[in-house]
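Asker: Given the coordinates of chain V, work out where chain A should sit on it, guided by the hints.
If you want the building blocks of each chain, they are given just below.
Number of protein chains: 2
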Amino acid sequence: MLLGPGPSDAHPRVIQAMMSGMIGYLDPDFLLVMDEVCELLRLVFQTEDHLTLVIAGTGSAGMEAGLNSLLEPDDTIIVCSVGFFGERMVEMARRIGANVVPLQADWGAPFPAELLEAELKSHPNVKMVAAVHAETSTGIRQPLEELSRLSKEYDTLFMVDAVTSLGGNEVAVDRLDIDYCYSATQKCLACPPGLSPVALGPRAQDVLLNRQRKPTSWYLDLALLANYWTSERRYHHTAPVSMILALREGLRIALEEGLEARFARHHRNARALWAGLEALGLDIVAPERYRLDQITPMWIPDGIDDMAVRRTLLREHSIEIGGGLGEFAGKVWRIGLMGESSKAENVLALLAALESILPGVGYEVPQGAGVSAASRSLGSVVVN
Amino acid sequence: MLLGPGPSDAHPRVIQAMMSGMIGYLDPDFLLVMDEVCELLRLVFQTEDHLTLVIAGTGSAGMEAGLNSLLEPDDTIIVCSVGFFGERMVEMARRIGANVVPLQADWGAPFPAELLEAELKSHPNVKMVAAVHAETSTGIRQPLEELSRLSKEYDTLFMVDAVTSLGGNEVAVDRLDIDYCYSATQKCLACPPGLSPVALGPRAQDVLLNRQRKPTSWYLDLALLANYWTSERRYHHTAPVSMILALREGLRIALEEGLEARFARHHRNARALWAGLEALGLDIVAPERYRLDQITPMWIPDGIDDMAVRRTLLREHSIEIGGGLGEFAGKVWRIGLMGESSKAENVLALLAALESILPGVGYEVPQGAGVSAASRSLGSVVVN
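As you go down the protein sequences, you meet chains V and A in turn. Sequential numbering of the first sequence, starting at 1, is according to the numbering used here. Sequential numbering of the second sequence, starting at 1001, is according to the numbering used here.
Chain V extracted, bound-state conformation (with noise of 0.2 Å):
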């Protein structure tokens, strides 16, 4: 039972296009299944005018193959990080010689739009903003408005990381008008980890084909990319078939349940795991109107020692969790519920699970705790 912080457990059906054994890259019917992915993506990133396309690589790929494709050395870029996945993007984009604004703001809350227009008001020529949906160290769900409206109030691009959010929060690429926004296969989309799907504007693309130099990486180019995802064709690299047909299903799958219906499964049973482990007095990082539903870092309890408890929970109860990260290290566990793996069973499996290892952790109930206190707590949630 993968509750981590992905990747979470694939569809069944998933792993079944997985068997249908290996096809040519420029077989015209891979060709095909290239062109529905490209379609579905539109439909999960919410856009009608943006190229879609796969990389082949993980959401990492994706974060550089943007950097990379869209900024050129000396250009700047403020990154708005509150996480760290933020400081990734600070690295990434120093390496390429970028004039790099971070702007810190307390891991554990929602980054300050104030704090965004201060500096663009202080620096002229920003290339691009550039922000973390659904940061996964914090379980803090972004708001990406006033963002988006300040980097067009400013000319800049808007560059977003959604390889959380993507398939478990509205990603509404075209409402927020997001110029370059980058997933990944293994969150909430409920796929093998291994691709990044990426949405890139038509800003995005006028800005690739005017570059004066190359992007230093041919991998990640994204004006390559792109020709060989669209009508072009022209050969890059061989795409990973295997993977690209898993995702084909998983991105059916996803638009068969409804997006809404999705966002609201995966907010439900959110929901019934923040009860449980209130109700088992365990406390959640972030304040509950920021929080993400897909996942949840919590306070590791004092004198709880962080690799007992996940080891016990790997091997006895076959669950697993995350650990922290960055700053976070050794202080939050981090419980995923996405796409498959957001199920109300899971919920229950490991709140009994966490009662039954934590010493002096329980819920005030006469007798008979252990999975029916849990299962109380979660019903009163699920049954809404």
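What the hints contain is simulated information worked out from the structure, not anything from laboratory work. Any given hint might turn out to be false.
Straight-line distance between alpha carbons at most 27 Å, and here's what the computed DSS-like set of lysine-lysine pairs gives [said to hold, decoys possible]: (1) A:LYS1152 / A:LYS1121; (2) A:LYS1331 / A:LYS1343; (3) V:LYS152 / V:LYS121; (4) V:LYS214 / V:LYS152; (5) V:LYS343 / V:LYS331; (6) A:LYS1214 / V:LYS214; (7) V:LYS127 / A:LYS1127; (8) A:LYS1127 / V:LYS214; (9) V:LYS214 / V:LYS127.
Computed, partial: chain V to chain A, Cβ under 10 Å [said to hold, decoys possible]: (10) PRO5; (11) GLN186; (12) THR216; (13) LEU220; (14) MET243; (15) ARG311.
Ideal placement from N, C-alpha and C gives every residue a C-beta, glycine not left out.
Answerer: Same frame as chain V, but now just chain A:
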């Protein structure tokens, strides 16, 4: 039947390995899988002292990881290029600001070592010499001994592209003193495309540690990847777990067959193909002594429509072969007999199909030509 330049048919056990469901990339059981993959790779790369790891991208990602991690701007690299993928190295190295000496020689013959020696004499402080072991665009097997000797004599790093050779030809990393060798999974290892296994020697590791500046790529930074794949296990990316399970199975199968037996099988089936093509009056690009067993580019006969024949092969015979790349586009077909696709029955089916499709092509036998003629021609080789 995948008889193009890759992907080749995956082994059924490899497909099965992807069915085991998802596993967390930090699960202790998965860390054991990673260790086993490293160990199996050392055996397949025939090395004892190299660090082996798997890059979460295709063979081109392995190429870029080597260039981007081992070269700094203004470092000099000599690329021994006799085909499409040598040219790709040149393009990648230029993008990172290296001083690239692209040595071109005729497509259709190995790169001559004398040419390299002359350049090594005239350029002081060459940092790296790079070559492609098995050029799928030309079907030439590049002898590496002399290139290796020269690179050591002039104290440069020696990088080798073994994308199409690993698992089908001997890739003796220690004996050939290769400092950085990269491959791919979808050729002679009979796994799905999407990963790049690499071997990194002690000299190359020293270079990583002593860089002046970090590589421009974070995703393909071999120093970070080495930290993740060795005992440090410092988080870098979410490992593509399904693909790595598939690769482990593919490596196990290769070693169960035995490397020598596997190379011999590739050679036997290639000789059958060559005999059949020659009996049909069709011409092979590479001279026999430099021919690769796993990929055979052949000249398209005059007046024949490239795409029409390939379409008929695919639609009516379910056989995929490849077209030409670069300057060979439209002029050659490329027939791959790699990994699981290297089978006598595949050779026979292809020869029979070509004979039935190509006008004016056939064996000079009184009657009952077709399959029986191809079969006789093939038999004479297979029986030996």
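Asker: Taken at face value, is the distance from the CA of LYS214 of chain V to the CA of LYS1127 of chain A at most 27 Å?
Answerer: Within the cut-off at roughly 23 Å; holds.
Asker: How about THR216 of chain V: closest beta carbon in chain A under 10 Å, or not?
Answerer: Holds, because the Cβ-Cβ distance from THR216 of chain V to chain A comes to roughly 4 Å (cut-off 10 Å).
Asker: Next pair to validate is LYS1152 of chain A with LYS1121 of chain A; report whether the Cα-Cα distance is within 27 Å.
Answerer: The hint holds at about 13 Å.
Asker: Under 10 Å is the threshold here; is the Cβ of MET243 of chain V close enough to any Cβ of chain A for the hint to stand?
Answerer: At 6 Å from the nearest chain A Cβ, MET243 of chain V passes the 10 Å test, so the hint holds.
Asker: If you take the shortest Cβ to Cβ gap from ARG311 of chain V to chain A, is it below 10 Å?
Answerer: Hint on ARG311 of chain V: holds, closest Cβ of chain A at ~8 Å, below 10 Å.
Asker: Given PRO5 of chain V was flagged as interface, is its beta-carbon under 10 Å from a beta-carbon of chain A?
Answerer: holds (9 Å)
Asker: Hint check: LYS214 of chain V vs LYS152 of chain V, CA-CA at most 27 Å. Holds or violated?
Answerer: Roughly 25 Å separates the two Cα atoms, so the pair holds.
Asker: Can you confirm whether the C-alpha distance between LYS1214 of chain A and LYS214 of chain V stays at or below 27 Å?
Answerer: Roughly 19 Å between the alpha carbons, so the hint for LYS1214 of chain A and LYS214 of chain V holds.
Asker: Are the Cα positions of LYS127 of chain V and LYS1127 of chain A separated by 27 Å at most?
Answerer: Measuring from Cα to Cα gives roughly 35 Å; hence the hint is violated.
Asker: Could you grab the alpha-carbon distance between LYS152 of chain V and LYS121 of chain V and see if it respects the 27 Å cut-off?
Answerer: Satisfied, since the Cα-Cα distance of roughly 13 Å is no more than 27 Å.
Asker: Have a go at the GLN186 of chain V hint: is there a Cβ in chain A nearer than 10 Å to its own Cβ?
Answerer: holds (6 Å)
Asker: Let's test the interface hint: is any C-beta of chain A closer than 10 Å to that of LEU220 of chain V?
Answerer: holds (7 Å)
Taken one by one, the earlier hints fail for this structure only at number 7.
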